[in-house]
Amino acid sequence: LPGDVEAELTFLAARRWMGWRSGPLALLDIGGGSLEAAFGRGRLPDFAASLPLGAARLTHEYFGDQDPPTPEQIRALRRRVRHQLRDVAARIRWEGPRTAVATSRTFQQLGRLCGAAPGRHGPFTDRQLSSIDLRGAIDRLAALPAAERARLPGISAPRSVQSLAGAVVAHTAMKLTGLKTVTICPWALREGVLLRHIEDGPSWWAEISRLNAKETDATEPVPLRVAGPLG
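At position 3 of the sequence shown (counting the first as 1) the number is 12 in the working numbering, and the numbers step up by one without a gap.
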């Protein structure tokens, strides 16, 4: 799927989970290869964007085999995120969302690290992540090699290597967008695909396929795409 379509579908899942009371909604989703961001007032977002700022991608590009990475490597990563995210972040700040939602395993694990309830408490438990707590989490993660990060609350062994990069992306995104706190949403892309199929039928997939054929190289600058109806 094109990244911006992933963002649209994830936004739909977040909207359905949060409900209409959440009002104007901002979404952040950190995957292995990309960061998806979206904002909207309705069922689907008014705009959606995908940027090559995934946790695994940036870990490989900036940290390499250095474990733990140096302070300069972390600063270089943060500069990259600031540079590529600034236009999207400015749009979200301008829109002034009432509610901010974060999805993905990266945000779920960071939320747990920062004190959110564990998964055994179920999906209906309210889970919040603040930028202040996330700043402290970065310091904790940066001081440890990956093997020791895996012993921290919420950080799984398979994701311990990329957890620091994910935290830097998450904190920088929240800071640039002016989001002091995000709600961790248990629904994401998978649920968005199912919801779109249920609500709009299978015909929308033809438009997805057409967009996929036109997807641009992810290494090029990624413009905002105004999200419109698919099907």
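Certain hints may be false.
As the list claims (entries may be wrong) - What follows is a list of derived Cβ distance ranges for each label pair:
no., residue 1, residue 2, range
1, 133, 52, 28 to 36 Å
2, 91, 154, 22 to 30 Å
3, 76, 96, 45 to 53 Å
4, 148, 211, 45 to 53 Å
5, 211, 84, 30 to 38 Å
If you're looking for bench data, these hints aren't it; they were derived computationally from the structure. Since we're looking at a predicted model, the values are computed, not measured. Where is the CB? At the ideal position from N, CA and C, for every residue including glycine.
Name the hints, by number, that the structure is in violation of. 1, 3 and 5
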